[in-house]
Amino acid sequence: MADSAHKTEPTHEQVETTQAHVGHGQDAHVEINPMEISGQMIVWTWVLFFITLGALYKLAWKPILGALDKREDEIQESIDHAEVLRQEMAELEAVKARQLAEADDKSKKILEKARTGALEQANLIEGKARDEAAILTENAHRDIEVSRALAEDSLRIEGAAWARELAGKLIDENLDDDKNRALTDKLIQEL
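According to this note's numbering, the sequence shown is numbered sequentially starting from 1.
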């Protein structure tokens, strides 16, 4: 059986010859080698390359390059805008620092003014308190002097009255009121 299968199958050479005769006719035997370079193949390759290049340029590269240019412009605008914002922030920081310094100076001036005003007010209150204390002390000294003078006069009068009473007992004689008064006045003046 193997012999019969072998006899019925065509050989490889027969298949190639048959295929060549069928494709090109009975007389020509042509083999196509894809690795072979021909002038016609080079021309068609370059034509297809330039057609593909033109199509890609029109359909892909132009829109891609346009999108890239647009994106580059947007990025540049963003960078420029960021630079403007950075400069504005720097200016705002400078203004803020200047305003803080001014506020600090104003607060120091206000505190110094308040401190000076408080010292002046304290000195004024202290001066008034001293004046009032001096007036109270002077009034107290006057009151003491008046009280002392009244006490001395009262003591003189009582002392004179006791002296007269004692003198009257000693003398055993009672003087009348006018005489008592005259004698009392005389004794007061002598003391």
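If you are wondering where the hints come from, they were derived from the structure by calculation, not from laboratory data.
Cβ atoms here follow ideal geometry from the backbone N, Cα and C, with glycine treated the same way.
Be aware that one or more of the hints could be misleading.
[What the hints assert, rightly or not] Beta-carbon label-pair distances, calculated as ranges:
| id | residue 1 | residue 2 | range |
| --- | --- | --- | --- |
| 1 | GLN99 | GLU132 | 32 to 40 Å |
| 2 | ASP73 | LEU53 | 24 to 32 Å |
| 3 | ALA129 | ALA182 | 31 to 39 Å |
[Said to hold, decoys possible] Taking lysine-lysine and the BS3-like style, the derived pairs with C-alpha atoms no more than 25 Å apart in a straight line are:
| id | residue 1 | residue 2 |
| --- | --- | --- |
| 4 | LYS96 | LYS106 |
| 5 | LYS108 | LYS128 |
| 6 | LYS113 | LYS128 |
| 7 | LYS58 | LYS70 |
| 8 | LYS108 | LYS96 |
These are the hints, each one checked on the structure:
In this structure the hint that GLN99 and GLU132 lie 32 to 40 Å apart at CB is violated, the actual value being about 48 Å. Range check, ASP73 to LEU53: Cβ separation about 27 Å, and the 24 to 32 Å hint holds. For ALA129 paired with ALA182, a C-beta distance near 52 Å fails the hint of 31 to 39 Å. Restraint check: the Cα-Cα separation between LYS96 and LYS106 comes to about 15 Å, which is no more than 25 Å; the hinted pair holds.
Distance check on the hinted pair: LYS108 and LYS128 sit about 30 Å apart at the alpha-carbon level, beyond 25 Å; violated. The hinted pair formed by LYS113 and LYS128 meets the criterion: a straight-line CA distance of about 22 Å does not exceed 25 Å. The straight-line distance between the Cα atoms of LYS58 and LYS70 is roughly 17 Å, inside the 25 Å bound, and the hint therefore holds. Pair hint LYS108 plus LYS96 holds up; C-alpha atoms about 18 Å apart against a cutoff of 25 Å.
Checked against the numbered hints given earlier, the structure breaks hints 1, 3 and 5 and satisfies all the rest.
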